[in-house]
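In order, the protein sequence lines correspond to chains Z and F. Mind the numbering: the first sequence is residues 844 to 938 in the numbering used here, read in order. Mind the numbering: the second sequence is residues 844 to 938 in the numbering used here, read in order.
Source of the hints: derived by calculation from the structure; they are not laboratory data.
Think about it this way: if two alpha-carbon atoms lie no more than 30 Å apart in a straight line, the pair counts; the simulated DSBU-like pairs of lysine-lysine are:
#1 Z/K891 / F/K936
#2 F/K918 / F/K902
#3 Z/K891 / F/K891
#4 Z/K936 / F/K891
#5 F/K875 / F/K918
Sample of chain Z residues lacking proximity to chain F, with all beta carbon distances greater than 10 Å (derived):
#6 L850
#7 Y873
#8 S882
#9 N884
#10 S886
#11 G896
#12 K907
#13 P909
#14 R910
#15 S912
Built from N, CA and C at the ideal position, the CB exists for glycine as well.
Number of protein chains: 2
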Amino acid sequence: MRELDPLLHSQLRLAIISLLLSVEEADFNYLKEKTEATSGNLSIQLDKLSNAGYIEIRKEIVGKKPRTSCRLTQKGRDALDVYVASLREYLGKVL
Amino acid sequence: MRELDPLLHSQLRLAIISLLLSVEEADFNYLKEKTEATSGNLSIQLDKLSNAGYIEIRKEIVGKKPRTSCRLTQKGRDALDVYVASLREYLGKVL
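Work the whole structure out from these sequences, hints included.
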């Protein structure tokens, strides 16, 4: 059977990707609030997705505050398409 | 966001459930061949699914050989329905 991309087959990383699917970009606090993850864990998972090229992370200073924003890349979208196709292979009958 | 049932959100356990969805029952060797898992790992995951009541495991002697067969329970089907509904919440736009 097909491999399910381990980068996406994780509840928190899937939640992040899912949130980024519907917006141009999202900032760290928005992702934190929606996923209810801790800052530490969220940072780790964002870095993993970024290292894989699935998301882009931009850090900037707005006013005097640091702001971290994320957006899904084309590579991330492509990986998600493959993941969904694999899921269909597993769950085609009930999806 | 909804919890994805950790018992099902594992590649090998999902593969097992997926295989059991399409058959009345399946024996250990069939599952081993299809999933390409090791006997040890497959046994562990089958036990987890059985302890949760998601599958039933029957052991018998056929001829002089032991045979282990598994089938999905109603509880397993129900859990899968909930899991799929959660996945839709995550991936609704692309599923």
